Amino acid sequence: MPVRDAGTARVWQRRERAQQLAIWACYLLAGMTFVLCWNLVSEKTIWAFVWDAHNQAGDLAARMVPPRWDYMEQLWWPIWDTLNIATLGTFMALVFAVPVAFFAARNTTPSRFLLRPIALFFIVSSRSINSLIWALMLVANLGPGVLAGIIAIGLRSIGFCAKLLYEAIEEIDEGQVEAIRATGASGPQVLAYGVLPQIMPAFAGITVFRWDINIRESTVLGLVGAGGIGLQLNASITNLAWTQVSLILLVIIATVVVSEWISAKIRHAII
Amino acid sequence: MLRLEKLEKRYRTGDLALKSVDLEVPDGQIMALIGPSGAGKSTLIRCINRLVEPTGGKVSLSGLELTGLGAGQLRRARRRMGMIFQEYALVERLTVMENVLSGRLGYVGFWRSYFRKFPQSDVDEAFRLLGRVGLDHMVDKRADELSGGQRQRVGICRALAQDPELLLVDEPTASLDPKTSRQIMRLVCELCKERGLSAIINIHDVMLAQMFAERIVGLKLGEIVYDGPPDGLTADVLTEIYGEEDWEATIRKVEDEGEEDGEALDAALKHDHQAAILDRDRMAGNT
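From first to last, the protein sequence lines stand for chains Y and D. Mapping of the first sequence onto our numbering: position 95 corresponds to residue 101, and the numbering continues sequentially without gaps. Mapping of the second sequence onto our numbering: position 60 corresponds to residue 1124, and the numbering continues sequentially without gaps.
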């Protein structure tokens, strides 16, 4: 009881004494863990390198400027590939994510004990593996190229889109669904009239958001041979062609800024 | 004729929401169902079209037993029962027209409804209904742009678009201001009379129930404790339904209402039951 009789007045405290002491002990423990970890990291670090880092960084930066602008003509195709990987990957993800989301949402799943756990498992496994790792495995299977990149992006995005979508489905107003059901509508009609209009804004938002993320992710897929501008980045780094690297980084930044702008516009238009 | 026999609903939590309810609603009768929150009014109404599955007893509509119908037959049976909801339950992001036409979903195939290719006769009927409730200029508005009263009128149109023989009305005025509440109740009752529909109206506003219904059923803890004419609602009866409270104000308020509207409700109350209804309607500006 935080309230305690102290003779004349009743004293109120936020917590009981034991509880308060336990909280302080937790803070102390957290502080000690931090010090311990710092110590471990410090022992494994070669500090000579770290103290030299600013020189190295300055050196690298100096070698990166000016960017080799004429290299740009070799970048148009890879950047186009990158955009296609992101867009087609997102599209592929949506085709699978929509049914998976309907199976996973508690209020629309056809079977709570069989299909729902399966759908949730799909979502978790797709989300837990990074697209770079998907790409590594797919390049080994399908060979290098854009196709592996598209599928890698798609596989990673299914879980993301399906998770956000099924959460949106679970949050809909059941009253509207009930009203449609009461008219004598069939199951698919209840989905089309009662559920779909309610999740459309979420659906559009999720799509654009994931497309935006995928553009950023697809820029690095080339590092493992899955097509796009990452291939050039990898080649330039291994050749120590730093002026090309800086140009590629600029191009990536420009692409992301543009995609960010487009997705913001689309989101505004829809919601 | 709607008939409930020993209707019972026990929720999975173990709560017995309806205890063996027997009720008959003849064709064309407007019946108000009153009772405190948690009395089982919503459950009763939802057990009729089986949005809530009853756990015992029978419901039959014009001889067709609704309990025990398969999924497909139930959908066909639901077309004959229009439902109007407390929070309107319009699909917010669809237009007024789409909402009204959704009343026709039970009659139209999936793809036709998906691509909004409803038969012209359905569209004509929707326009007629919207005209009747004074919303034909708002056909293309989205439902979330409307005011409460307008939304409820769209809800009424949706229910009537089903071409039902029974209206199940669940707290139609709970989210509305007093004036709009009266207008909505009047509209529901007028439309029922025009089309010869029977209606069960859940309502917790006793005054409104007395004003508009021909028959009042009081529900308490899942049991019917009153079934009779509106003017039979004495202080004792209200105490029986809702519990101990000073009811004189509530009862007198109804009379005041009549005087304000320039009609003598007292006189109406002295007439026989049927005449009382007509006078009440006139009092409510129904004529």
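Calculated from the structure, these hints are not laboratory results. A portion of the hints provided could be inaccurate.
[Said to hold, decoys possible] In the SDA-like style, the derived pairs of lysine to any residue whose C-alpha atoms are separated by at most 25 Å in a straight line are:
no., chain 1, residue 1, chain 2, residue 2
1, D, Lys-1205, Y, Leu-202
2, D, Lys-1205, Y, Phe-119
3, D, Lys-1181, Y, Lys-271
4, Y, Lys-271, D, Arg-1206
[Unchecked claim] Simulated restraints on C-beta separations:
no., chain 1, residue 1, chain 2, residue 2, range
5, D, Asp-1300, Y, Pro-8, 47 to 53 Å
6, Y, Ile-124, D, Glu-1308, 23 to 29 Å
7, Y, Arg-118, D, Trp-1175, 40 to 46 Å
8, Y, Pro-207, D, Gln-1184, 52 to 58 Å
9, Y, Arg-118, D, Arg-1157, 44 to 50 Å
10, D, Leu-1133, Y, Pro-194, 17 to 23 Å
11, D, Asp-1079, Y, Arg-133, 48 to 54 Å
Note that the structure is predicted; figures quoted are calculated from it, not measured. Ideal Cβ positions, reconstructed from N, Cα and C, are used throughout, including at glycine.
Going through the hints against the structure:
no. : hint                                 : result
1   : Lys-1205(D) - Leu-202(Y)             : holds, 19 Å
2   : Lys-1205(D) - Phe-119(Y)             : violated, 41 Å
3   : Lys-1181(D) - Lys-271(Y)             : violated, 32 Å
4   : Lys-271(Y) - Arg-1206(D)             : holds, 22 Å
5   : Asp-1300(D) - Pro-8(Y): 47 to 53 Å   : holds, 49 Å
6   : Ile-124(Y) - Glu-1308(D): 23 to 29 Å : violated, 56 Å
7   : Arg-118(Y) - Trp-1175(D): 40 to 46 Å : violated, 28 Å
8   : Pro-207(Y) - Gln-1184(D): 52 to 58 Å : violated, 32 Å
9   : Arg-118(Y) - Arg-1157(D): 44 to 50 Å : violated, 27 Å
10  : Leu-1133(D) - Pro-194(Y): 17 to 23 Å : holds, 20 Å
11  : Asp-1079(D) - Arg-133(Y): 48 to 54 Å : violated, 39 Å
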